[in-house]
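Student: Sequence:
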Amino acid sequence: MAKPVRKAVFPVAGMGTRFLPATKANPKEMLPVVDKPLIQYAAEEAVKAGCEQLIFVTSSTKRAIEDHFDKNYELEAKLEQSGKDRLLGVLRDVLPEGISCVYVRQAEALGLGHAVLCARDVVGDEPFAVILADDLIDGVEDHCLTQMVQTYNEYGSSVIGVETVEQGETDKYGIVATSKIAERVSRIDQIVEKPKPSEAPSTLAVVGRYILTPRIFELLATVERGAGGEIQLTDAIAKLREIERVLAYEFNGKRYDCGDKLGYLMATVEYGLKHEGLGAEFRDYLQTFCVPERFNAK
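Here numbering that gives the first Met the number 0 is used: position 179 in the sequence shown is 178, and no number is missing along the way.
Worth flagging that the hints you see were computed from the coordinates, not collected in a lab. In this text the structure is predicted, and so the values were computed from the model without any measurement. Errors might be hidden in some of the hints.
[Claimed, not checked] Computed spacing ranges between beta-carbons, pair by pair:
#, residue 1, residue 2, range
1, 238, 120, 16 to 24 Å
2, 83, 166, 17 to 25 Å
3, 200, 228, 18 to 26 Å
4, 188, 74, 46 to 54 Å
5, 217, 260, 32 to 40 Å
6, 223, 77, 27 to 35 Å
7, 80, 221, 51 to 59 Å
8, 224, 120, 17 to 25 Å
9, 200, 71, 47 to 55 Å
10, 228, 65, 24 to 32 Å
11, 14, 80, 36 to 44 Å
12, 273, 198, 37 to 45 Å
13, 77, 260, 42 to 50 Å
14, 166, 188, 16 to 24 Å
[What the hints assert, rightly or not] Listed next, the in silico DSBU-like pairs over lysine-lysine satisfying Cα-Cα at most 35 Å (straight line):
#, residue 1, residue 2
15, 273, 238
16, 70, 171
17, 35, 47
18, 253, 23
19, 23, 195
20, 83, 47
All C-beta atoms in this analysis are idealised placements derived from N, C-alpha and C, irrespective of residue type, glycine included.
Could you put the whole structure together from the sequences, leaning on the hints where they help?
Tutor: Below is the structure:
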């Protein structure tokens with residue numbers, strides 16, 4: 000029987016240059032979608048999938064993430080004194096009881112593979128999840144990671160989240176060639192980092208969700224540096240595939256690329272429409288705003 004997935008790694012040391020100047024002093028993972036930062040959506044997804052320890056691989060500029068998941072006794076006391084019980088509950092739910100956070104510093108920006116390797120001593124000898132907060136995924140029924148954990152529990156193999164992309168976009172992703180095992184589940188036969196559209200083995204792209212066996216660490220420690228002189232997680236997964244089965248899972252849900260400005264705006268609008276407190280009012284506003292006269296005006 001496979002060991003349970005209890006730990007989730009969040010590589011959050013990136014610079015977020017595509018969102019400058021907003022990310023000059025504020026981590027991109029702290030950008031809010033409606034009323035929660037991206038990193039909180041990612042953490043909630045991990046917790047709902049059964050993870051008990053959240054491991055953040057950070058840099059010197061990411062202190063705000065630590066502060067977000069820490070207790071703020073002064074603010075809690077003020078809310079309690081003011082009788083703002085709902086807000087107090089929201090604040091305390093940022094990190095549920097029984098969930099621990101660990102922060103590991105990535106001293107050099109040597110790629111996603113290196114960031115994952117930095118978590119090795121904390122993860123130890125057990126399977127773990129990796130979540131990229133830039134990829135905000137709205138699951139249809141269960142969260143994406145919950146779906147993947149269920150697949151891991153059934154097959155006992157590493158599971159990589161994938162989705163179909165346009166042929167012309169393959170050079171933005173790791174691309175896999177697969178052999179189907181079951182609905183939404185395939186064995187990875189090949190994985191290539193950002194191939195040209197004319198050279199891509201498929202249009203099935205790796206997105207920011209992984210469940211990996213601990214054997215990935217020894218491969219990350221020895222793999223040669225790839226594109227940009229960085230340690231590529233894709234390269235280590237390619238080697239892992241040679242010694243044990245690695246699965247691709249086509250998750251049921253919608254992904255928003257919040258590392259891209261347009262994707263971030265799309266997520267903000269669509270999550271705003273679903274928001275319990277302001278969704279109806281926001282919808283009314285959009286219906287008055289989205290009229291031809293506004294878009295035809297010079």
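Student: Now look at each hint and say whether the structure bears it out.
Tutor: Against the structure, the hints come out as follows:
Distance hint for residue 238 and residue 120: a CB-CB separation of about 21 Å, consistent with the stated range 16 to 24 Å. At about 52 Å, the beta-carbon gap between residue 83 and residue 166 misses the expected band of 17 to 25 Å. Between residue 200 and residue 228 the CB atoms are about 25 Å apart, so this pair conforms to the stated range of 18 to 26 Å. Taking 46 to 54 Å as the suggested C-beta distance range, the pair residue 188 and residue 74 conforms, at roughly 52 Å.
Between residue 217 and residue 260 the CB atoms are about 38 Å apart, so this pair conforms to the stated range of 32 to 40 Å. In this structure the hint that residue 223 and residue 77 lie 27 to 35 Å apart at CB is violated, the actual value being about 54 Å. Between residue 80 and residue 221 the CB atoms are about 56 Å apart, so this pair conforms to the stated range of 51 to 59 Å. Remark: the range hint 17 to 25 Å for residue 224 to residue 120 is upheld by a beta-carbon distance near 22 Å.
Between residue 200 and residue 71 the beta carbon distance is about 49 Å. The supplied range of 47 to 55 Å therefore holds. Taking the beta carbon of each, residue 228 and residue 65 are about 29 Å apart, inside 24 to 32 Å as hinted. Judged by the Cβ atoms, the range 36 to 44 Å given for residue 14 and residue 80 holds: they are separated by roughly 40 Å. A beta carbon spacing of about 39 Å between residue 273 and residue 198 agrees with the range 37 to 45 Å that was offered as a hint.
With their beta carbons about 35 Å apart, residue 77 and residue 260 fall outside the hinted range of 42 to 50 Å. At about 19 Å, the beta-carbon gap between residue 166 and residue 188 stays in the expected band of 16 to 24 Å. In summary, the hint linking residue 273 to residue 238 is not supported, as the alpha carbons are separated by about 42 Å, beyond the 35 Å threshold. Proximity of residue 70 to residue 171 is assessed by CA-CA distance (about 38 Å); at most 35 Å being required, the pair is judged violated.
For the hint linking residue 35 to residue 47, the alpha-carbon distance of about 16 Å falls within 35 Å, and the restraint holds. Restraint check: the Cα-Cα separation between residue 253 and residue 23 comes to about 29 Å, which is no more than 35 Å; the hinted pair holds. For the proposed pair residue 23 and residue 195, the alpha carbon gap of about 32 Å is at most 35 Å, so the pair holds. Of the pairs offered as hints, the one joining residue 83 and residue 47 holds, with about 26 Å between alpha carbons and a cut-off of 35 Å not exceeded.
Hint check: violations occur at hints 2, 6, 13, 15, 16; the rest are consistent with the structure.
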